[in-house]
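Enquirer: Below, each chain spelled out in residue letters.
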Amino acid sequence: MVESADRVERVVREALKIACPDIGTVTGSTHLSSELGLDSAQVMDMIMEIEDRLDISIPVAAIAEAHTLDDLCASVRRVAAGS
Amino acid sequence: MSLLEKFAPLAELRGALAASGSVPSIATPMDEVLSATEAVIDGRKVLLAGTNNYLGLTFDPECQAAAIKAVQTLGTGTTGSRMASGNYAGHRALEREFAEAFGWPAGIVFSTGYQANLGSISALAGQGEYLLIDADSHASIHDACRLSLATTIRFRHNDPENLARRLERLGEDAKRTLVVVESLYSVLGDRAPLKELVDAAQRHGAMIIVDEAHSFGMYGPKGLGICAELGLLDKVDFVVGTFSKSIGGVGGFCVSRHREFELLRLGSRPYIFTASPPPPVIAAARAALQRLLKGDDLRAQLWRNIERFTAAVTRLGYRTGSKDPGPVTALVFDERATAIAHWQGLLDAGIYTNLMVPPATPAGLNIVRISLSAAHSDAQISRMIEAFEALAKRLRPAA
Chain A
3 MVESADRVER VVREALKIAC PDIGTVTGST HLSSELGLDS AQVMDMIMEI
53 EDRLDISIPV AAIAEAHTLD DLCASVRRVA AGS
Chain B
171 MSLLEKFAPL AELRGALAAS GSVPSIATPM DEVLSATEAV IDGRKVLLAG
221 TNNYLGLTFD PECQAAAIKA VQTLGTGTTG SRMASGNYAG HRALEREFAE
271 AFGWPAGIVF STGYQANLGS ISALAGQGEY LLIDADSHAS IHDACRLSLA
321 TTIRFRHNDP ENLARRLERL GEDAKRTLVV VESLYSVLGD RAPLKELVDA
371 AQRHGAMIIV DEAHSFGMYG PKGLGICAEL GLLDKVDFVV GTFSKSIGGV
421 GGFCVSRHRE FELLRLGSRP YIFTASPPPP VIAAARAALQ RLLKGDDLRA
471 QLWRNIERFT AAVTRLGYRT GSKDPGPVTA LVFDERATAI AHWQGLLDAG
521 IYTNLMVPPA TPAGLNIVRI SLSAAHSDAQ ISRMIEAFEA LAKRLRPAA
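Going down the list, the protein sequences come from chains A and B.
Under this note's numbering, think of the first position of the first sequence as 3, with each following residue one higher.
Under this note's numbering, think of the first position of the second sequence as 171, with each following residue one higher.
FYI, nobody ran anything at the bench for these hints, they're computed from the structure.
Quantities reported herein were computed from a predicted structural model and do not represent experimental measurements.
Be careful, since some hints might not be right.
As the list claims (entries may be wrong) - Listed next, the in silico DSBU-like pairs over lysine-lysine satisfying Cα-Cα at most 35 Å (straight line):
id: 1; chain 1: B; residue 1: 405; chain 2: B; residue 2: 493
id: 2; chain 1: B; residue 1: 493; chain 2: B; residue 2: 365
id: 3; chain 1: A; residue 1: 19; chain 2: B; residue 2: 176
id: 4; chain 1: B; residue 1: 239; chain 2: B; residue 2: 215
id: 5; chain 1: B; residue 1: 493; chain 2: A; residue 2: 19
id: 6; chain 1: B; residue 1: 392; chain 2: B; residue 2: 215
Claimed, not checked - Calculated from the model, a selection of chain A residues having no Cβ within reach of chain B, i.e. all distances over 12 Å:
id: 7; residue: 30
id: 8; residue: 70
id: 9; residue: 72
C-beta: ideal position from N, C-alpha, C; glycine also.
Using the sequences and the accompanying hints, generate a full structural model.
Expert: Okay, structure coming up:
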């Protein structure tokens with residue numbers, strides 16, 4: 003399955019909005035934990051939302067190094083491209 | 171930044187949790203333990219309603235006598251791994267007794283419950299294989315996944331359809347997958363839909379391991395757990411459990427209907443590279459297992475206590491983490507301050523419970539957790555209920 007970059011970013015941002023409803027402006031370099039204050043459980047809930055919307059399974063290790071929104075989008079694109 | 175600076179936020183959290191009183195709510199110091207249900211905290215005698223001593227066996231005379239005899243005859247420790255000098259007759263007998271209780275051919279004892287998950291899961295699924303785990307799994311399961319070289323994927327908590335969808339995506343690889351679930355989740359006290367989860371795993375050819383840490387001893391025929399209660403022992407592949415809850419000691423076990431499970435002894439690092447449990451621990455666990463299997467009297471008392479207590483907190487308007495009454499009752503609060511006020515109020519009334527706050531809880535919930543025991547007398551349950559009645563007048567329960 004090949005997902006467009008735009009769709010992946012849109013889905014990631016929608017999932018972020020669900021995990022963090024009061025979120026302000028987020029750029030690609032925004033740090034998910036230190037800037038947005040997401041804890042590990044919130045990040046994992048966000049990943050599940052992304053998985054459901056894109057109909058993919060994201061291995062835990064695939065997002066271990068995803069600290070920013072851009073990192074996360076890149077990880078999701080890699081998984082989507084391989085599924 | 172030094173290695174230690176990253177711990178600063180934890181110090182802030184510890185400070186916030188301790189701010190309400192002189193006794194810390196995490197790692198609460200027990201000055202003295204008087205019985206299965208009473209201890210001394212901060213110089214005061216308190217009623218214990220925050221342990222995992224579900225059957226009250228820590229002070230069972232037969233378990234105590236077995237431990238004392240083992241210390242006197244076999245010494246205080248084994249000083250060796252099961253693979254070396256620590257493979258005593260008691261260890262082997264306990265493994266046989268667990269396997270026989272389930273009617274299965276294989277069983278392995280581990281040095282802790284944490285290691286039972288770590289050692290079983292990390293060895294069962296390796297490189298090129300898959301672990302599908304419930305999103306709210308215990309830390310020991312997450313750590314097992316990190317130790318394993320398998321690909322780990324989470325599915326939504328207690329959601330068989332979500333599990334099935336992930337198994338479908340794996341296609342043929344589902345046959346090289348271990349599904350990992352708990353029968354009773356200890357933070358909220360909620361039960362898993364085990365029949366549906368087992369069915370999803372079977373439909374796709376995956377194996378399934380069920381952690382019965384908080385249900386073994388309390389549910390099912392002879393207390394064998396929720397898998398046995400639901401008649402799933404011919405479908406579940408592995409059951410894992412701990413000695414530090416209903417058994418009243420320390421250690422863990424994993425049993426299997428597959429004879430080949432015995433070979434894990436040669437490939438499980440947490441089993442191989444640690445000292446085996448000390449003789450008194452094994453002797454007490456054997457006595458506790460026999461006590462637990464022997465009769466339903468302890469379970470009957472525990473369930474009487476559960477019914478009385480659950481009815482009372484429901485009547486008082488408290489929100490609980492699960493609709494199913496069980497040995498764990500999680501009172502859920504939106505605000506951390508309200509949860510802390512309840513925990514402190516109960517301690518002031520001489521009742522020790524557990525306070526649990528994010529990120530250690532699912533969905534950002536603030537929880538006061540009450541664990542009941544068969545050793546709680548009717549009078550002690552009445553005392554707990556009276557404390558909650560007084561507290562509910564002062565603090566809005568569901569706020």
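Enquirer: Please go over all the hints and tell whether each is borne out by the structure.
Expert: Hint check:
1. At roughly 26 Å between alpha-carbon atoms, residue 405/B and residue 493/B fall within 35 Å of each other, so this suggested pair holds.
2. For the suggested pair residue 493/B and residue 365/B, the alpha carbons sit about 18 Å apart, so the restraint of at most 35 Å is met.
3. Annotation: proposed proximity of residue 19/A to residue 176/B holds, straight-line Cα distance about 27 Å (limit 35 Å).
4. With a CA separation close to 30 Å, the supplied pair residue 239/B and residue 215/B stays within the 35 Å bound.
5. Proposed proximity of residue 493/B and residue 19/A is supported: the alpha carbons are some 30 Å apart, at most 35 Å.
6. A distance of roughly 34 Å separates the Cα atoms of residue 392/B and residue 215/B; the hinted pair therefore holds under the 35 Å criterion.
7. Every CB of chain B lies more than 12 Å from the CB of residue 30/A, the least distance being 24 Å, so the non-interface label holds.
8. No Cβ of chain B approaches the Cβ of residue 70/A within 12 Å, the least distance being about 18 Å, so the stated non-interface status holds.
9. With a cut of 12 Å on Cβ distances, residue 72/A stays outside the contact zone with chain B, its closest approach being about 23 Å.
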